[in-house]
Structures are given as structure tokens and as C-alpha cells.
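Student: Below, each chain spelled out in residue letters.
There are 2 protein chains.
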Amino acid sequence: MDHFKRYFPILDWGRDYDRLALGEDLTAAVIVTLMLIPQSLAYAMLAGLPPETGLYASIAPILLYAVFGTSRALAVGPVAVVSLLTASAIGQVVEPGTASYVAAALTLAALSGAILLGLGLLRLGFLANFLSHPVIAGFITASGVLIAASQLKHVMGVEAEGHSLIELGLSLVQHAPDTHGPTLLIGGAAVAFLYFVRTGLNPLLTRLGLPPRLAGFITKAGPVFAVIATTALTWGLDLEARGVAVVGVVPQTLPPLTAPDWSPELIRALFIPAVLISIIGFVESVSVAKTLAAKKRQRIDADQELIGLGAANLGAAFTGGYPVTGGFARSVVNFDAGARTPAAGAFTALGLALAALTLTPLIYFLPKATLAATIIVAVLSLVDFSILRATWRYSTSDFIAVLATILLTLSLGVEAGVAAGVGLSILLHVTKTFKPHIAEVGRVPGTEHFRNIHRHQVETTPSLLTLRIDESLYFANANFLEDMLLKRLSQDAEAVRNVVLMCSAVNEIDYSALETLEALNARLEDMGVRLHLSEVKGPVMDKLEHTHFLRDLSGEVFLSQHDAWAALGRSG
Amino acid sequence: MDHFKRYFPILDWGRDYDRLALGEDLTAAVIVTLMLIPQSLAYAMLAGLPPETGLYASIAPILLYAVFGTSRALAVGPVAVVSLLTASAIGQVVEPGTASYVAAALTLAALSGAILLGLGLLRLGFLANFLSHPVIAGFITASGVLIAASQLKHVMGVEAEGHSLIELGLSLVQHAPDTHGPTLLIGGAAVAFLYFVRTGLNPLLTRLGLPPRLAGFITKAGPVFAVIATTALTWGLDLEARGVAVVGVVPQTLPPLTAPDWSPELIRALFIPAVLISIIGFVESVSVAKTLAAKKRQRIDADQELIGLGAANLGAAFTGGYPVTGGFARSVVNFDAGARTPAAGAFTALGLALAALTLTPLIYFLPKATLAATIIVAVLSLVDFSILRATWRYSTSDFIAVLATILLTLSLGVEAGVAAGVGLSILLHVTKTFKPHIAEVGRVPGTEHFRNIHRHQVETTPSLLTLRIDESLYFANANFLEDMLLKRLSQDAEAVRNVVLMCSAVNEIDYSALETLEALNARLEDMGVRLHLSEVKGPVMDKLEHTHFLRDLSGEVFLSQHDAWAALGRSG
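Protein chains in written order, with this note's numbering: chain H, 41 to 612; chain W, 41 to 612.
The hints are simulated quantities; they were obtained by calculation from the structure and are not laboratory data. Quantities reported herein were computed from a predicted structural model and do not represent experimental measurements. Where hints are given, some of them may not hold.
Treat identical chains as interchangeable: a pair holds within one or across any two.
Below, in silico cross-link-like pairs of lysine to aspartate or glutamate (EDC-like), each with a Cα-Cα straight-line distance of 20 Å or less [unchecked claim]:
#, residue 1, residue 2
1, K330, D341
2, K260, D376
3, K472, D523
4, K583, E555
5, K330, D343
6, K527, D566
7, K330, D566
8, K475, D523
9, K475, D341
10, K335, D376
11, K335, E64
12, K336, E64
13, K527, D341
14, K472, E522
15, K472, D582
16, K335, E555
17, K475, E522
18, K527, D343
19, K475, D343
20, K527, E558
From just these sequences and the hints, can you work out the full model?
Tutor: Right under this line is the structure:
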């Protein structure tokens, strides 16, 4: 039963559900639904898909996540970065605006769902750790810039194409003379209005004496207001006839049952992008879920999250959606609005289904410029270059990784950017181990503690040289230790009779390093110097135990550096 | 002057050269020359080149290495593994047996020389550390098997092709019905004779009472005897007319001045193989040089070796040779024969030049089967599968790397094999850091030393939990620490009031790990548990110093774990 419960977290909260929780969940659902209607339409447009796809992608996935997910506040659906990745992935394979483009989006969601589910069942959630925080932060910032740039064409009412900032920028400049006045007016006003709603409205309302909850609710409803106002304006002034692009006919129906395109060629082409979308979506979603869970002392099980998101994406694939994940903004809204359980998500799904059934005829005249404005203002919150300053101050290699991620994402596109970020951060981490920090140590007076002679006031003995090796010894750095030790000895060849390698930071000695130590032992023995080890850890000692090296070692293995000092340090 | 001397090691030994050294060097040169004549011809054949190329590749390179190299005993010239790599590299681009094949070999030598020289001038010799010892051992063993297999066709007198053991084996089986009887007789006899010379002759002669030096000399001359005997036999019985393949016409001249083919297309195709040849040749050569130098307390400067080998390869490129490096067998013979200085190499070059001028007409009737037999017996000494057993006993990941290298070299060829070996060994090393060893530690009674509670009899206090993290903390493993610590605390949530992270083995904390530690600190604070650090190393502390983390830390940073114990351990 417990095992069963692990895979169905709904059993955990479902049986304690009461009227109080119901009331709170319903309130949250209304607020989130109002927020999601314009956002879902907008993100579908960003992904290059018909607007209704965004609504469909918010219904079944929310319900499935409520059954399988572990977060009580996470709101699953289309999000900006995954929509951009979807557009980039499918755009390389299929012509945008065609029926096969929509079918490919289903395939991408199905692949992504299968990958997430597979990783979850295999309990491989830890793989997401490969995206270092700065790389993710840099990637999301650069994606935000790219997304905002990609929406400018809708605000200006022109055609523009491009996967990178440079391509997009050049294309926009080239088409700037065609800018459509009425569209720019609507789009520009919507951007200004939404930006004001986001930054200035809430403080203003509070200052006017409105209760914070109501002020918050009005702020959340800002995008809906912009949608209603610009739609009414477009209808009233018949702006469609004057060339303002509108959403147009949207089918008035519940999410349809759909089958993804299973052609092997398409699957091959979309597999790598699907992996990328899965991992980035997962990392983003889990970090949101963890942040919110920590506030209520709840726990997030990363492997179960993979299963929840996998189910959500499979749901999207079979109900006319496209890849989804847990979004930051909507989850925070859901949480702040007081959502107690995943049932809030189910009510949101219900609200969106009602909207799909009843409201779709009304959005015929909704200008695309308004949706673009919604996206632009929403993604501005993703853009945060402060990670550059923070890493610059803390660590050069983190800074290089984040800078490369940002520059490559902007110049070559999202896939190259994130691949470079991941590759580079692993490479930089490995590079640091090539020339390890090796400190000559002495005793902190009056203690049994040994520290770097150059940083602390310590006692040393001329006949005893102790080196603390601050890295695992393996093929890439074993020779470095040998060279360094021999160089150090040549400075002081006469005095030193005992060398102790203090291994407190040596977490592994591989076969190559073992051979190097054997050679070093023989070499030192020839020079009349004995080689000792101290503070060798259990796992390393287990491996050394049956080797020639330990049998041939001219010196001893001391449990602690203090034992070595007691035995050897006095003799000088 | 000293700087000048660094690049011309000849200035080091040249000025002290005397008659005694001259005598010893001359003796060594005669022995090595006798050994090199058949070997040079044979390795050229292995590389798919005309036999004289092998002689030419032994003359200028030896002289240039004598000027620029640091080893006093290293004998530079064609070697088995590099010849195989040459055949594999050029065979993919040019039709074997053509003039452009010979020109491509010059290009390969020139590229290889330029790469080695460049690495040496940039002092990048440490890059060779990337080949772990087991990977090299596995690669050389597999190459030995491949080389021996590739020569069987000459011994059987049939045609056979293939880059992998399977292809070669299938091709040989397919052509086995065409086996040429007289060729097989000569080849088989030569293999048997040479094998006896290598393994049984020296002990036999010693037992017969010959002085060891003379016995050694006769043994070294074995291949020359096989060459003379089979050549005479072929000439006497006119076996060429009966279909025994012979070396044929070899130009009677000093090494010609040649210009490599500089076509950009060829350079592009050969660049990666040239990198591979350079690095493998360098690693092999340096390990031989180091072994021999250690016996005489001489030092090898890896960067200067790169320059020496680079010059040797450039020399080969302009005098009709092909890629060369320091060979194990010939260097050991040179050393054992008493070579004192690189002048021994110069005399060897002189001997080979004389051979090229005078002896070449005599080898018209030398059967190719004899050369193949020379190669087969020579490479048998490279084949040593004991590395599999040694790594199996010591370390699983080393074993996997060596096994993969051997299997992939045999099944896919030399380039795939060594690339897989290098990639895999780095990957396996990194993988180990994902789930670091984390030990709960307590105090070894009566000392200030702290060890794993599961391995040692130690003292602990219920209110104090100390974890020693045996790995640098970075993005790939920071979450693992967090999960593990929280799980451990949930077992014992009431008692623990203080958590100490003992950082003696933490060589780095990257930005992602720093953020994780910050979150962990806040989380523990909420639980009423204080977080402390101990034994943080200098370089890590330098980076932490100005961070929020250290300001927000609920506990303290202790210089030693003993200080932490003294402050916190008693309170429980």
C-alpha cells in the first residue's frame, strides 16, 4: 500500500479533503484561470501553434499532474521557455503554420512525456543536477531576451524571422519600414499598460486603501482587462479590416482527442530537442516546486515529479496540446491565492475547459499584438543579468560558464546555448583537478591540527616534509604531484629524510596514480627519503590494502597526521 | 645562455664528450644499426609504404632528436604502433601503393612534427596526462594483436584487408584456400626461428658458456640472420619466379629531399589522425625515456621532449620518411649496449645511411614474409593482457576503461579505440563525484582526530551531527548532500541541535553548491538546527569570505574539527 501510495500522491491528501480546503482551492482556481486564459493563448502563439493549443495544453496536463505530482501548489501548463524551445525544435523540421507542425508538437509532447516518465521510473532524477545553477540562470535570462525580441514583430505588425538575437534584430530592422501604425499603437499601449499593472498598480491600489487581497486580485486580472479592452476596440473600430492581425476563428470545443505523428523520421529529428525540453522543463519545475514546498515544510520527491510531469506531457500529447511544465509565475499566483491542494489545479482545468467551450468565439477580434505584449511583459521578469555579477565576484569558472551560455544562446539559439553551458561547466570543473592545490603543512602550535605553512603560524621540522594534496589523485594529475614533489625536494635535498603525503582530501587514487606513487616511492627510496601516508580515508585504504604499493612502501601509513608528526617530527 | 641551453640539450653533454664515451657510443651504434635495418624495412611495410621509407625515417630524425631531445638513450624512428596508425590514417584518404600515398605520409609527418613542436613551445606537455596508464596499456596490447593479425597475410602469401580484428580475420579465412605454400614455409620458419631467438637463444648461449655480452649481441643479430638466410634461399631457389613476394627494387641512395603535399583538403583529412599520432607517440616515447633516465638519475623534460620529437618528425617529412617516435625495444637495446650520449644515435644514423647507399641492391630477394615475421615476433612483446587482471583487482572503473579500449580497438580500429578510452576514463572519473562518499564522523578517543563512525571506535554526542564530505561540492552533487543530510536528520529529528560539515576533503565549492548551502542553512535554521563548518581550506575560505552565506550562517566556521567538538560536543 505504501508502495502504491508513492506513485499516487493524490491518496495522501485526497482523504483529508474538507470544506475549508475546498473554499480556498476554489478561490485560487478563479484567480489562476483568469490569469491563464490570455497567457495560454499567448504562449501557444510563441510556440508557433494555433492559440487554442495553449488552452488544451492547460487542461489535461493539470489534471494528470494533480494525480501524480508531489507539489501541492505547482501549476502545470505552457510556459515561455518551453514554448520557445518547442518553436525552435519543430521549426527546424516542419513548415510553421501547417497541420504537420501541430502534429509534430504532439509528437514532441509525447516524446518529452515518455522521457520524463522513463527517467522517473528509473529514478534518474539526479541527472538534472548537471545543469549548474548559473548555467540555468544565464540560459533563462538569455531566453527571456530572445522571447521578448521574437514578439516585437507582432507588436510592430511586421514579418520577421530568426533563431538568434542577431538574425531577429537584423530582420526587424529590415522590416521596420513596413511597421503597421494601428498595430503598433495597440501593442505599445498594451505593453505600457501591462508593465504599469505589473510594477505600479499594486502599490497604488494599496495606497488608495484597497485591501491587499483585492489589490492583488485586480493586479492579476490586468492582462484579462487588456484582452477585453483591445478586443472590444478592434471589434468596435473594425481594425481587422485595417490590417490589425487578430487571433481569428478558434474552435469552440473541449480539448480534442489527438494522436501524435509517430513517423520514425520525425521521432529521430525531435528526440534530442525532446530530451532538452524534458530536462530544462523538469529543472525549472522542480526548483519552483521546492521553493514553494519549503515555505510550507512539504517535501518534493524529484523522481515522482518526473513521473507527474511525464504524465502531464503525455496528456498534452493526446489532447491537442504541446510540451508543458510547471511554470513559475502561475505557481506563485496559485500559492499566493491560497491553493491548499492539487484540487485547486483541477478546478483551474475546469475553468479553462469552460472557457474553451464558451469564450472562444469572443476572442476572434483579440489582436495578436496584445498577446505579444502579454508575453513581453511576462518574460521581462525572467531577465536577470545579476547572475553575471554574482558569479564574477565568486568564481571565475562559474562566470565563464554563465557568460558563454548567455552569449551562445543569444547568438546561436537556445539549443546551442544550453549544450555549451552544460559542456563547459563540466569541462571547467574537471580542468581544476589537473593541477591540484598542494599545500605544505605544519602543526598549529598546541593542537593536533595541521595547516598550510603559508597561511598559518605553524611548527615544522626540517627533516619532515608534509604535503597535503587537495584533490583526488588520478591519471590527469598524478604526474603533477610527482613533478612538484621532486622539485620541492631538489630545493632542500639534504635535510629532508621523511615525506608524508597527507591524504585527508584524496577521495580516490586510480590505477594510474597508484603506478605513479609506486614509482615515486622507489625514486625517493633511492634518494634515501622515506615516503609515508597519513589520514588515508576508508574507501581509499580498502583499495590500497592488497597492492604492491603498500607492501613496497618505504615508510608507514599513519591514521592521523598527528601520529605521523609524533613518530617522525621529533627526530629532526 | 641558460635559456638557450634549455632548447639545445646537446650543449649540455657535447662539451664533455671524450674518447671513452665515443667507444661506448660506437659499440651501441653497431648493435642498434644491425637491429634497425630489418625493423625499419618491416615497419615501413606495416605502414603500407615502400621499404626504403623506413630507412629514411631512421636517419634524419635520429640526428635531429640528438640535437633537441633530452633523453640520452632514446632511439627515435619508425615504431609498430605509429606505423599502424599511419596506415590507418592515410588508408582512409588515399589509395595504398600510389605516389600520393607516399606524399600523404610526408604530410602526416609534417603535421605531426608541427603539432609536437607547437605543444612543446607552448609547454603543453601535461596534456599527455589525459591518457591514463591502463588505457595506454590496453591500447598498445590491442594494437599489438591487430598488427600481428595484419601481417599474417604476408606470411600466408594471400591478399587480405581490414581495419578491425573481425574484418581481418574474416578476410584471412576467406582467402585461406589461396595460401601460397613456399611463402608460408619461409614465413612460418622465420616466425619460429625469431621466436626462438627472442625467448630461448640467450639462455641457451649463456648456458653454453658464452660471455653475456656476446650472447646478447648474437641474439640482437637474430633478425639480420633471418633476413640473410631467407634472402639467400629465395635467390638460390629462384623462389620469386614461384610466386614468393619479395621486397624488389629499392633505390640505392641517401635519404632524398622531399616536400610534403600541402593541399588543404589533405591537411584537413589528416589533422585529427596527426594529433592522435603525436600524442600517442609522445606518451610512448616519454614513458620509455623516463624509465631509462630513472636508471641513471637523469631527468626528462617533457616539454623539451615534445620539441625533440617535433623536430624529428619535421626531419622525417623532408627526407622521405613518415611519422616517427621513440621506440621501446630499440631504446632498451641502445641503453643496454652502453650508449652514453645521443652521439650513439648519430652513429646509428650514419650506419643506416651507409646501408641505404650500399646494401639496398642485396635486399631485392628479401621475402616480405620474413619482414612480416620480424614484425609479428616484435609486437608479441607489446601484447600484455595482465593489465586487465591488475585493474580488475584494483578498481572497477579503470577495468572498464581498459576493457573498452581493448575491445573497441580490436573491433572498430585504433582511432575509435583510443578515443573511447580517453573519453571513458574522464567520464568515469567525473561520474564518481556525483554521489560523493559522505561519512558521519566521531572522535578517536584520546586524540583530536575524527573518523567514520562505521569504521572506527569513536565517541559521538547525540546533539552534534558531523558529516565529512569526501568530495568537492559542485553543481552535480550539491543536491545529493542536501537530500542526504535532510534524510539523516529526519531519522533523529529531535536530538540533533548542531550539524557540522567537515570540509577537509572539499577542494572547491562552486556557485551552485554555495546556493544549495545557503538554502540548507535557512532550512536547518527553521528546524532549530545550527549549521557549522570545520577545516575549510584556505582557497575555499578565500572564496566564501565575502558571500552572503558566511554572513547568514547560523553557526560558526571552526579551524579544526576538534575546535568544533570542544565548542559543541560537550553540550549534549
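Student: Indicate, hint by hint, whether the structure satisfies it.
Tutor: Comparing the hints with the structure gives:
no.	hint	in the structure
1	K330 x D341	within (9 Å within a copy, 53 Å between copies)
2	K260 x D376	within (11 Å within a copy, 87 Å between copies)
3	K472 x D523	within (17 Å within a copy, 26 Å between copies)
4	K583 x E555	within (13 Å within a copy, 34 Å between copies)
5	K330 x D343	within (13 Å within a copy, 51 Å between copies)
6	K527 x D566	within (16 Å within a copy, 51 Å between copies)
7	K330 x D566	between (59 Å within a copy, 15 Å between copies)
8	K475 x D523	within (11 Å within a copy, 31 Å between copies)
9	K475 x D341	between (38 Å within a copy, 17 Å between copies)
10	K335 x D376	within (11 Å within a copy, 75 Å between copies)
11	K335 x E64	within (17 Å within a copy, 82 Å between copies)
12	K336 x E64	within (16 Å within a copy, 84 Å between copies)
13	K527 x D341	between (51 Å within a copy, 12 Å between copies)
14	K472 x E522	within (18 Å within a copy, 24 Å between copies)
15	K472 x D582	between (26 Å within a copy, 16 Å between copies)
16	K335 x E555	between (52 Å within a copy, 17 Å between copies)
17	K475 x E522	within (11 Å within a copy, 29 Å between copies)
18	K527 x D343	between (50 Å within a copy, 16 Å between copies)
19	K475 x D343	between (37 Å within a copy, 16 Å between copies)
20	K527 x E558	within (18 Å within a copy, 41 Å between copies)
Going through the hint list in order, the structure satisfies each hint without exception.
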